[in-house]
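Turn these sequences into a full structure, and let the hints steer you where they fit.
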Amino acid sequence: KNEVEQSPQNLTAQEGEFITINCSYSVGISALHWLQQHPGGGIVSLFMLSSGKKKHGRLIATINIQEKHSSLHITASHPRDSAVYICAVPPFGNEKLTFGTGTRLTIIP
Amino acid sequence: NAGVTQTPKFRVLKTGQSMTLLCAQDMNHEYMYWYRQDPGMGLRLIHYSVGEGTTAKGEVPDGYNVSRLKKQNFLLGLESAAPSQTSVYFCASSLVNTEAFFGQGTRLTVV
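First to last, the sequence lines map onto chains Z and W. The first sequence lines up with residues 1 to 109 when you count with my numbering. The second sequence lines up with residues 110 to 220 when you count with my numbering.
Don't read these hints as lab results, they were simulated from the structure. The beta carbon of each residue, even a glycine, is placed where N, CA and C say it ideally should be.
Covered stretches of chain W, going by a simulated chain Z footprint (3 or more residues, C-beta under 8 Å):
(1) 147–160
(2) 210–218
Far from chain W by the CB rule (all over 10 Å, computed), these chain Z residues:
(3) PRO8
(4) ILE19
(5) ASN22
(6) SER26
(7) LYS53
(8) LYS55
(9) ARG58
(10) LEU59
(11) LYS68
(12) PRO79
(13) ARG80
(14) PRO109
Written out as structure tokens, the structure reads:
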């Protein structure tokens with residue numbers, strides 16, 4: 001069974017701080033997804049990556065396939081980054097995603 | 110471009126009542142999914158579809174039925190609602206091995 005673990009579960013930081021959220025998974029995968037969910041809101045896809053690094057604005061996602069680990073970084077964090085960040089993986093040959101329980105990020109002005 | 114649209118957004122049901130949640134996507138995606146999200150747990154797959162006319166069970170299918178008569182629509186039915194089905198329901202769609210697009214969610218309370 002594919003397990004997806006995220007850390008930390010909760011993270012509070014001051015505006016401007018560099019943020020790192022981690023995701024580990026247990027089986028081989030074809031790609032990893034990072035999603036964002038604002039309080040009371042829908043879910044938005046941030047990244048889908050299968051190797052290396054991707055960058056979008058202040059967000060950077062990295063993945064190490066050999067170590068079965070991915071990180072999501074936020075540079076110059078802002079209160080509007082406050083949300084739950086979720087990683088999800090589809091195991092090889094399986095179109096279904098397994099989700100982590102999410103990391104609740106709060107950025108204080 | 111509307112993306113993925115779920116209706117309704119909120120609903121309160123009495124135990125034993127039935128209802129249908131509608132998910133519509135306008136991106137010509139093959140895959141569609143229904144998830145439920147409960148506090149302290151990750152999203153869990155209820156049912157999914159890999160194309161028009163096909164459906165399959167996910168992780169927590171009991172008490173739910175689905176239909177995909179048209180490619181753009183994926184319906185989730187609750188035959189006899191129970192308090193344990195109080196949750197937030199999300200629909201998603203995708204192509205093969207691409208990013209998933211999610212609806213805004215349906216908050217269902219069963220009393």
